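Undergrad: Starting from the structure of chain A, add chain B with the ligands where the hints point.
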Amino acid sequence: MNILEVQNLCKTYGKGETEVRALDNVSFSVGKGEFISIVGESGSGKSTLLNVVGALDNPTSGEVLIDGKDIFSMPEKRLTVFRRQNIGFIFQSFNLIPELNVEQNITFPLLLDYQKPDKKYVEELLGILGLKERRKHLPSELSGGQQQRVAIGRALAARPAIIMADEPTGNLDSRNSQEVITLLKSMSAKYRQTILMITHNENHAEEADRVLRMTDGRLKDLGVAAR
Amino acid sequence: MKSYLGLIPQYERVHRKNNRISVLCIMLSVCLVMAIFSMADMAMRSQKNYFIKTGGEYHAALHDVEAETAEQVSSRVDVDLSGWVYQGSTGMLSGKAVSFVGANEETLESLTEMDVTDGVYPSLPDEALLNESAMRQLGLSVGDYVTVTVPDGTQKQYRLTGVLADMGSMLKADIWGMTLCEEGFLAIADENAADGTTYRIQFKNGAHIQESIKEIKEQFGLSDGQISENTALLGLMGQSESNIMQALYLIAAILVFLVLIAGTVMISASFHANVLERTKIYGLLRCLGASRKQVKHFVILQGLRQSAKGVPIGLLAGQIVTWAACLLLKSISGDRFSEVPLFEFSIVGILTGIVVGFLIVLLASLSPAKKASRVSPVAAISGSSQLTQNKRAANTKLFHVETGMGVFHALSGKKNLFLMTCSFAISIMLFLAFQVMVVFLNQGMPALAPSAGDVSITSAMGIEPLVIEEMEAIEGVDLVFGRMEYGGLSVSSDAETGTATLVSYEENQFKWAKEELNEGNTDGVLGGTGDILVSYRDGMQWKVGDAVTLHTPLGDKRVKIAGILSSTNASGEAGSLGYIICSEGLFVESVDAAGYTAVDIQLAGSGSDETVSAIRRLLPADTSIADKRLSNSESQSSYYTGAVFIYGFLLIIALITIFNIFNSMNASVAARTRQYGVMRSIGMGTGQLYKMIAAEAVTYAALGCVTGCIFGVPLNKMMFQFLIAGKWGTSWQLPAASLLLIVLLCFGSVVLAIIWPIQKIRKLSIVDTIKLQQ
Ligand SMILES: Nc1ncnc2c1ncn2[C@@H]1O[C@H](COP(=O)(O)OP(=O)(O)OP(=O)(O)O)[C@@H](O)[C@H]1O
Ligand SMILES: [Mg+2]
Numbered sequence: 001m002n003i004l005e006v007q008n009l010c011k012t013y014g015k016g017e018t019e020v021r022a023l024d025n026v027s028f029s030v031g032k033g034e035f036i037s038i039v040g041e042s043g044s045g046k047s048t049l050l051n052v053v054g055a056l057d058n059p060t061s062g063e064v065l066i067d068g069k070d071i072f073s074m075p076e077k078r079l080t081v082f083r084r085q086n087i088g089f090i091f092q093s094f095n096l097i098p099e100l101n102v103e104q105n106i107t108f109p110l111l112l113d114y115q116k117p118d119k120k121y122v123e124e125l126l127g128i129l130g131l132k133e134r135r136k137h138l139p140s141e142l143s144g145g146q147q148q149r150v151a152i153g154r155a156l157a158a159r160p161a162i163i164m165a166d167e168p169t170g171n172l173d174s175r176n177s178q179e180v181i182t183l184l185k186s187m188s189a190k191y192r193q194t195i196l197m198i199t200h201n202e203n204h205a206e207e208a209d210r211v212l213r214m215t216d217g218r219l220k221d222l223g224v225a226a227r
Numbered sequence: 001m002k003s004y005l006g007l008i009p010q011y012e013r014v015h016r017k018n019n020r021i022s023v024l025c026i027m028l029s030v031c032l033v034m035a036i037f038s039m040a041d042m043a044m045r046s047q048k049n050y051f052i053k054t055g056g057e058y059h060a061a062l063h064d065v066e067a068e069t070a071e072q073v074s075s076r077v078d079v080d081l082s083g084w085v086y087q088g089s090t091g092m093l094s095g096k097a098v099s100f101v102g103a104n105e106e107t108l109e110s111l112t113e114m115d116v117t118d119g120v121y122p123s124l125p126d127e128a129l130l131n132e133s134a135m136r137q138l139g140l141s142v143g144d145y146v147t148v149t150v151p152d153g154t155q156k157q158y159r160l161t162g163v164l165a166d167m168g169s170m171l172k173a174d175i176w177g178m179t180l181c182e183e184g185f186l187a188i189a190d191e192n193a194a195d196g197t198t199y200r201i202q203f204k205n206g207a208h209i210q211e212s213i214k215e216i217k218e219q220f221g222l223s224d225g226q227i228s229e230n231t232a233l234l235g236l237m238g239q240s241e242s243n244i245m246q247a248l249y250l251i252a253a254i255l256v257f258l259v260l261i262a263g264t265v266m267i268s269a270s271f272h273a274n275v276l277e278r279t280k281i282y283g284l285l286r287c288l289g290a291s292r293k294q295v296k297h298f299v300i301l302q303g304l305r306q307s308a309k310g311v312p313i314g315l316l317a318g319q320i321v322t323w324a325a326c327l328l329l330k331s332i333s334g335d336r337f338s339e340v341p342l343f344e345f346s347i348v349g350i351l352t353g354i355v356v357g358f359l360i361v362l363l364a365s366l367s368p369a370k371k372a373s374r375v376s377p378v379a380a381i382s383g384s385s386q387l388t389q390n391k392r393a394a395n396t397k398l399f400h401v402e403t404g405m406g407v408f409h410a411l412s413g414k415k416n417l418f419l420m421t422c423s424f425a426i427s428i429m430l431f432l433a434f435q436v437m438v439v440f441l442n443q444g445m446p447a448l449a450p451s452a453g454d455v456s457i458t459s460a461m462g463i464e465p466l467v468i469e470e471m472e473a474i475e476g477v478d479l480v481f482g483r484m485e486y487g488g489l490s491v492s493s494d495a496e497t498g499t500a501t502l503v504s505y506e507e508n509q510f511k512w513a514k515e516e517l518n519e520g521n522t523d524g525v526l527g528g529t530g531d532i533l534v535s536y537r538d539g540m541q542w543k544v545g546d547a548v549t550l551h552t553p554l555g556d557k558r559v560k561i562a563g564i565l566s567s568t569n570a571s572g573e574a575g576s577l578g579y580i581i582c583s584e585g586l587f588v589e590s591v592d593a594a595g596y597t598a599v600d601i602q603l604a605g606s607g608s609d610e611t612v613s614a615i616r617r618l619l620p621a622d623t624s625i626a627d628k629r630l631s632n633s634e635s636q637s638s639y640y641t642g643a644v645f646i647y648g649f650l651l652i653i654a655l656i657t658i659f660n661i662f663n664s665m666n667a668s669v670a671a672r673t674r675q676y677g678v679m680r681s682i683g684m685g686t687g688q689l690y691k692m693i694a695a696e697a698v699t700y701a702a703l704g705c706v707t708g709c710i711f712g713v714p715l716n717k718m719m720f721q722f723l724i725a726g727k728w729g730t731s732w733q734l735p736a737a738s739l740l741l742i743v744l745l746c747f748g749s750v751v752l753a754i755i756w757p758i759q760k761i762r763k764l765s766i767v768d769t770i771k772l773q774q
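So the sequence lines, in the order shown, correspond to chains A and B. For the first sequence, position 23 (counting from the first letter as 1) is numbered 23 according to this note's numbering, and the numbering increases by one without interruption. For the second sequence, position 683 (counting from the first letter as 1) is numbered 683 according to this note's numbering, and the numbering increases by one without interruption.
In isolation and in its complexed conformation, chain A is listed as follows (with noise of 0.2 Å):
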C-alpha cells in the first residue's frame, strides 16, 4: 500500500491579474520506505507542494491521502495531532527552539504528545548522527550542519510516516551538505523512512529512490535517477 496519494492537487494564490497557479492538478504516489527528490525551478512551487502535502497549507482543490487517511477532512485538532505524530519536517534555516539543547528540541515532538522519550531510541540517534557530545549543548552553541543534524533527529523522533525536507542543505556547504544527505539517505533504508527532498542540487537528486521534476506547478515523475 502506497503511504502517501496526492491526488489532483491544486493550489491557486492571489486573483485575477495576479493570479498564480502555484500548483496545477498535481498527482502522484508515495510507496513506504522512498526517498524522493523534488527538483525544479526557483518558483516552480516545490514549497507549496510540501507545505501542502506536510498539511501546513490548504489546497484549494484536490486530495491527500496519508497512511490511507484523508487529512484535509479531518478538524483542526486531530489535524494537528496528526501531523505532529505522522509528519516530521526539516526546514532549510533549521528553525531549532533556541531555548532547549539538543537533546530537548530532538525529543520536543514526543514532548509535545505527552510521551516519555523511549531512552534507547534517542541515545541511537544521537549516535547516529554524531551529537553524543553536544546533547546538552543549545542551538546557538552548533555549527549549521550540527543543527541541521539536531533538526533530522527531531524529525526522526517520532518515527513519523514522512518526512519533508525543504532544501536541507541550502544553508550548509559541500561537505556538510553530502553528510546530511548520506544521513538522510542511511535513515531511509536504515527505518524504512519515507522522505519527500526538495533540493536544488543534481547530485543530491541523483542519490534519491526516485526524481520528481515541478514545472510552472505541473509534475512530472522522471522515474528512477539515471545514473
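It is worth saying that the hints were derived from the structure and are not from the lab. Treat each hint with caution, since some may be false.
Stated by the list, open to error - Derived pair list, reagent style EDC-like, types lysine to aspartate or glutamate, alpha-carbon separation capped at 16 Å:
#1 B/K217 to B/D78
#2 B/K763 to A/E76
#3 B/K543 to B/E506
#4 B/K763 to A/D57
#5 A/K32 to A/D57
#6 B/K156 to B/D195
#7 B/K214 to B/E241
#8 B/K53 to B/E496
#9 B/K691 to A/D67
To be verified - Computed footprint of chain A on chain B; a stretch qualifies when at least three of its residues, placed anywhere within it, have a C-beta under 8 Å from a C-beta of chain A:
#10 400-406
#11 456-470
#12 672-679
Quantities reported herein were computed from a predicted structural model and do not represent experimental measurements. Backbone N, C-alpha and C define an ideal beta-carbon position, used for all residues, glycine too.
TA: Below, chain B with the ligands without anything else, positioned relative to chain A:
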C-alpha cells in the same frame, strides 16, 4: 532623502503598525498621567473653593490683639487684604438666638464665609443684614425695621438694608445671624466679643506664608494662641506645616512618584517589544558606517517624532477625561458641586503629561541604541531570532513541555521580566496606596449615615407620639423617628457598675443599628423587654450575653446584653458606661417618660422650605429645631468630590494595569510569532500554544503580585499609620479585600491580554509565520 535622518520616515512607513502601537502607548501614558495630575489639581481646587466658601479666604487670623498691631500688620508688603471680624455676641429676636457679626463690606465678602445675597451693605450703626430664613420666617423684607434684644438686654431697632445668605452651621444650630458694620457691632459688644473676634489676614500671591506668620509673631511678641492659620486652606495651597498636612504631602509625593514610574514602565515595556527589530536597524546603520553619535541622533529623532504625535493626542484625551469627571460631579447635583471647576486647565497636569511623553520616550528609546552600539554590527544584522542569547536550556522536566517553555520564556529575558514584574507590582502598589486614600475619605469625610435626619428636633419637655403622627402626615416628610433618652441611670453588673444614658430606638433605628453592630445581634431587642444593646467604649468589660441590672425610677430591671454597637445617634451625654439602647416598651416600663426627647425627620428628596415651616408650626416656640439640610449636603458634597476623584484614580490605575499587561503580553507574543509558527509546524496544537503563552503570562503575574505585595503592603501600612492611625486611632489591618480585588484584576487582564494575540496567531497560516522575516 537629504540626509541619513531621512531614513526615519521611510522606516516608519514600512513598520507602520509597530509605529502606531508605540504612538498609542505614548498617547495612553500621557493621557493617564495627565488625567491623574489634572484631576488631583481639580479636586484640590474644588476643595479650596469649598473651604473658601465655608470658611473664608483668609490665611491667618490674630486673636486678642491691639488695634495698633492690626494697623501695622495691614501695612506689611506681603499682606493683600486684612480686616476685623467681630463675633461672639448674641442677642434675641422673636424668642430665637441671634448671632451678631461685625465687619466692613470688603472683609465680609473676602475674608469670611458670609455672603450678601440682596440689598446693600449696612453703613450706619443702626443698619443690619439678616439671614434669609429669618427674613422668611418673620415675614420681613429689605427696608423693614426689626427690634432686637442686644447683648446688654436692651431693645434696639435696626433697619434691614439687605439679606445675608443662609449658612449650614447657623441652620444646624437653629440660630439666626445678623451682620452689622464695624461701628454698629462695637456699639453693642459685650465681654463675649473678645473671644470671637479675630483680625483676619490674606497674604499676597507668592508670599511665604509660614515665614510671614513667624515674622509677625516675633515682631509683635504674639503667643501661639494669638495667631492661628487657616490650616485647611493653607494645606491645599501647599503652605501648611500642620502634621496631617505634612503627612498628606508626603503621601502625595509617594503617589506622584509611583504614577510617574508606572508611566515610565509602560512606555519602556512597549518600546522594549521592538528592541530587537530596532537593534537590527541600528546595527545596520553602524555597518554602513554611521558613527555612534549619528545612531544616537537617529534614535532621538525617532523618539521625538513619535512623542510629537502621541503627546498632543494624549494631552487632549487626558483633558477630556478630567472634564468628564468634573461634569460627572456637576451632573450629580449642580448646586451641591458648585465649587467644582468646569472646563479649567491644569498647568501641572499638562506639564507632567508633556514631560512624561517626551522624557520617558527618550529614555526608553535610548536603550536599543545602547544595545546596538554594544553588539557588533555584524551580529545585529545577521539576526539570530532570539530575544536574548540563552545561557541555559529550559526545564522541561518539571512541567509539560509547553508549560515549561512558557515559564522559561518569562524568566529568560532579564529586562523583559523586570519590566513585566514592575508593571504588575507598580499597579498593585498604586492600588494599595490609593486604598489608604479611600479609608481616609471614609474616615475624614464620612458619607451621611442612613439615619441622619434632615431636620432634628430636641425638646427637654418631650414630644408626644401624637405630634409625630402629625408630622408624618405633612407633605414632603418621608420618615419621622423619635428617641426617648434618660441620662444618669445607675447600672450594675458583675463586671462593671456606673451610670448610663438609656435610649429608646424604634423599628427604623434598630434596622440601621444592624450596620453598626460590632458583636451580637439586634433581633430580640426591638420586640422584647429583656434585651438591650450597649455602645462600645474603650476598656469595656461587658460581653454579649452578660446580665445587667438597671436601677430605674420604676424599680430594678434585670436585662441581658444582646449586642454591642460601634456608635449610636443619641443626642444626650453618655454616662460612665456609655449608652444603653432598648425598645420603647422597656423604656416606658423603666422611666416615666413624658415623650420623645429627640425626633429626627427625613424629608422626601431634599425637602422644601414649606415642609420645614410646617414642622415648625407644629411645635412650641422654645423647641430647638435644627435644619441640617444645608450642612448635610455640604458634607455630602465633600464626600462625593473626594469619592469621584479617588475612585477615578483607582479606575485609571486599573486601566493602567490592564493596558500595561495587555500591551506587554501582546508585544511578547508578537516577538515570538515566528517561533510559535515553527512549533506549530512540528505539531504543537492550539491548546498547547495557549497553555505556553498563558504559563508565560501567569509567571509574570505571579511574580508581579508577590513583588507588589512585598512592597505594597508595608507602603499601605506606613501610609495608614501616617494618615489614619494617628488621627482616628484605628489600627491597621491587611486590606485583604482590596488586595484580592487587584490581584484578581491582574489575573483577569492577563486572561484578556493573551486571548487577542493568540487569536491573531491562530489566524495566521503556519507557512506564513515561518516565512516571516526574522
Ligand atoms: N503566499 C503567497 N502568495 C502569493 N503567491 C505565492 C505565495 N507563496 C508562494 N507564492 C507563489 O507561488 C509560486 C510557487 O512558490 P514556491 O515557494 O512553492 O516556489 P519554490 O519552487 O519553492 O521556489 P524556490 O526554489 O525559490 O524555493 C511562486 O510563483 C510564488 O511567487
Ligand atoms: Mg522553496
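Undergrad: Check each numbered hint from earlier against the structure, then list the numbers of those it violates in ascending order.
TA: 3, 5, 6, 8, 9, 11
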